[in-house]
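Peer 1: So the sequences go chain by chain: B and X. Under numbering that gives the first Met the number 0, the letters of the first sequence match residues 0 to 328, in that order. Under numbering that gives the first Met the number 0, the letters of the second sequence match residues 0 to 328, in that order.
None of the hints are false.
A few chain X residues facing chain B, derived, Cβ under 8 Å: (1) P24; (2) A110; (3) I113; (4) A118; (5) F120; (6) F121; (7) N128; (8) V139; (9) A140; (10) Q147; (11) I150; (12) D151; (13) E153; (14) W154.
Rather than coming from a laboratory, the hints here were simulated on the basis of the structure. Since we're looking at a predicted model, the values are computed, not measured. Every residue, glycine too, gets a C-beta built ideally from N, C-alpha and C.
If you want the building blocks of each chain, they are given just below.
Number of protein chains: 2
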Amino acid sequence: MSLLPLGAVHDLVSPRLREALSGLPASVRELAFLHFDSCSRPDAPLDVGKLYRAALTLAWNRALGGDQGQALHAAVAVELVHNASLLHDDVIDGDRLRRGRQTVWALRGPAAGILAGNALFFLAVQQLNTAGDPLSTSGVAELASAVQHMIDGEWADTRVPQDADAYLSACEGKTGALIGAACALGALTAGATEHRIGQVRAFGLHVGAAFQVTDDLLNLWGDPEQTGKPHRGDLANGRNSYPVLAALGAGSDASASLRSMLVPGQASRTAMLERCAELVEEAGGRAAAGQLAARHLEQALTILDHACPDGPDRRALAALAHQAARRST
Amino acid sequence: MSLLPLGAVHDLVSPRLREALSGLPASVRELAFLHFDSCSRPDAPLDVGKLYRAALTLAWNRALGGDQGQALHAAVAVELVHNASLLHDDVIDGDRLRRGRQTVWALRGPAAGILAGNALFFLAVQQLNTAGDPLSTSGVAELASAVQHMIDGEWADTRVPQDADAYLSACEGKTGALIGAACALGALTAGATEHRIGQVRAFGLHVGAAFQVTDDLLNLWGDPEQTGKPHRGDLANGRNSYPVLAALGAGSDASASLRSMLVPGQASRTAMLERCAELVEEAGGRAAAGQLAARHLEQALTILDHACPDGPDRRALAALAHQAARRST
Numbered sequence: 000m001s002l003l004p005l006g007a008v009h010d011l012v013s014p015r016l017r018e019a020l021s022g023l024p025a026s027v028r029e030l031a032f033l034h035f036d037s038c039s040r041p042d043a044p045l046d047v048g049k050l051y052r053a054a055l056t057l058a059w060n061r062a063l064g065g066d067q068g069q070a071l072h073a074a075v076a077v078e079l080v081h082n083a084s085l086l087h088d089d090v091i092d093g094d095r096l097r098r099g100r101q102t103v104w105a106l107r108g109p110a111a112g113i114l115a116g117n118a119l120f121f122l123a124v125q126q127l128n129t130a131g132d133p134l135s136t137s138g139v140a141e142l143a144s145a146v147q148h149m150i151d152g153e154w155a156d157t158r159v160p161q162d163a164d165a166y167l168s169a170c171e172g173k174t175g176a177l178i179g180a181a182c183a184l185g186a187l188t189a190g191a192t193e194h195r196i197g198q199v200r201a202f203g204l205h206v207g208a209a210f211q212v213t214d215d216l217l218n219l220w221g222d223p224e225q226t227g228k229p230h231r232g233d234l235a236n237g238r239n240s241y242p243v244l245a246a247l248g249a250g251s252d253a254s255a256s257l258r259s260m261l262v263p264g265q266a267s268r269t270a271m272l273e274r275c276a277e278l279v280e281e282a283g284g285r286a287a288a289g290q291l292a293a294r295h296l297e298q299a300l301t302i303l304d305h306a307c308p309d310g311p312d313r314r315a316l317a318a319l320a321h322q323a324a325r326r327s328t
Numbered sequence: 000m001s002l003l004p005l006g007a008v009h010d011l012v013s014p015r016l017r018e019a020l021s022g023l024p025a026s027v028r029e030l031a032f033l034h035f036d037s038c039s040r041p042d043a044p045l046d047v048g049k050l051y052r053a054a055l056t057l058a059w060n061r062a063l064g065g066d067q068g069q070a071l072h073a074a075v076a077v078e079l080v081h082n083a084s085l086l087h088d089d090v091i092d093g094d095r096l097r098r099g100r101q102t103v104w105a106l107r108g109p110a111a112g113i114l115a116g117n118a119l120f121f122l123a124v125q126q127l128n129t130a131g132d133p134l135s136t137s138g139v140a141e142l143a144s145a146v147q148h149m150i151d152g153e154w155a156d157t158r159v160p161q162d163a164d165a166y167l168s169a170c171e172g173k174t175g176a177l178i179g180a181a182c183a184l185g186a187l188t189a190g191a192t193e194h195r196i197g198q199v200r201a202f203g204l205h206v207g208a209a210f211q212v213t214d215d216l217l218n219l220w221g222d223p224e225q226t227g228k229p230h231r232g233d234l235a236n237g238r239n240s241y242p243v244l245a246a247l248g249a250g251s252d253a254s255a256s257l258r259s260m261l262v263p264g265q266a267s268r269t270a271m272l273e274r275c276a277e278l279v280e281e282a283g284g285r286a287a288a289g290q291l292a293a294r295h296l297e298q299a300l301t302i303l304d305h306a307c308p309d310g311p312d313r314r315a316l317a318a319l320a321h322q323a324a325r326r327s328t
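Construct the complete structure from the given sequences, taking the supplied hints into account.
Peer 2: Rendered as structure tokens:
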């Protein structure tokens, strides 16, 4: 993991993100800063999250020999879209906690969460629009297409996938599409061919799948102090994550016991959540999810070998891919 | 009013709108068609509303000698943004009725309303992005800037303006910004100078103010059969519209009686709403709103005289401006 210049990514992206947010009308800017935990003082540091997507954009740009200035515009745009979707997801899921803090809708009402999300969505478009070619043309097309795919996945996800196929399709849109675009925009700003951009996007889709399945695992067995999200919130909210679907599909006694406990409204007390998590593990759901993440990681690494010349930049991208599947936050 | 080719606008814009919607991922497209009342049959006509903003885009384009093909892309984009904002507003306001039908969130839940709105927002960006210069560059900038202004106005509006100044500032953003952009995009696609585009946008801002104040009047005294919205919904929802603010500010006995009735939760029964509307009228709120709309109309017409050569196209634009202040739906 020491290869990852995530601190450097933060130092590059965070001031640009703040600069972009400063362009918002004052009242909406206040909501946006509230999301980034920096509304009280104009010079307070932004809590911008992991910047994982921005890191992918910058790493692919560097690996393919691109101009970092252009890539920074793209990295900021991708993070803005990511945060816009978080603001809306929190309203949709009724989640009151994110990054260990109260969410914007929990503090200021659903309208605040919806409108601040919209502002960040369009700020992302503005970021690419003012960056010049190719971002203002092909870059906007890449991002908008990813957002449509993401919306499709989010809508599929709200309808609670009932089997692994439905889950994987929703997850490709919900998480993969934007990570794919983050990678593709890095390649685009490096002047890559469409063929190469397609490979790089596919790398991102696999990384995104590994990332989402790992998210599911962290939700069930991660440390809520580190994730900043409600422990086992997926189970409590009746969301069928991959470990749960794999466990339900195993056909064992534990699967049957789990199914009987997942009646809506039942699985909300901590002790029940604990027991459900045990049954998911007993029925093999935890192991199956780990294997699925590993499989997508492997596919991403195979594409990486074809799409990126060997060297320190490829190793940095491989480390980022590994991080999707082996992280604690 | 006979100068207005609104039927022609519908014939031009409606098929292009359907074509744009057809590019959405299937599940989200279904939600979008639900909003446009056309989900059951692929060939059913879309209920696209008044297309007032599209008419302004096309009329300004024609008045300044532009290319209709480009203007059509802009007109579709503006209507998509308008409908996206309606989808979100209905969630935010909890409105279950729009165009005489159930709203998307009322039918499929808040997530559906939020996500379908997002899809239309980005479809608008895609519409301009694929239209080539100047829409893919300056056009996206114009639209995105208007959307930020609109979001700012919507957020101000949710916090219930307490005086006429706060109301007018919110209303310029909420309604004026997009109508301003609709006009400006018509001028942009006609190759107008920045100075001219600025005049045209200012025309739209005044038309937008007249439009919103008229909306407020229709909400209180219009025919709900024609507006398709809940009668006196603004009063019932505790929204301070201009007639109410003007009445409260008049300092008469009727103002005091009105204030005592506007305690939250009080003014919800039909008889109470009826009495409130009477008091608004008695305190001069209805007349003041009519005068404000007339003043903005006049300012728009003055700008029109400077920005547009005399002839049938100017008369068509004047008729559209009049329609903002004198309409029944």
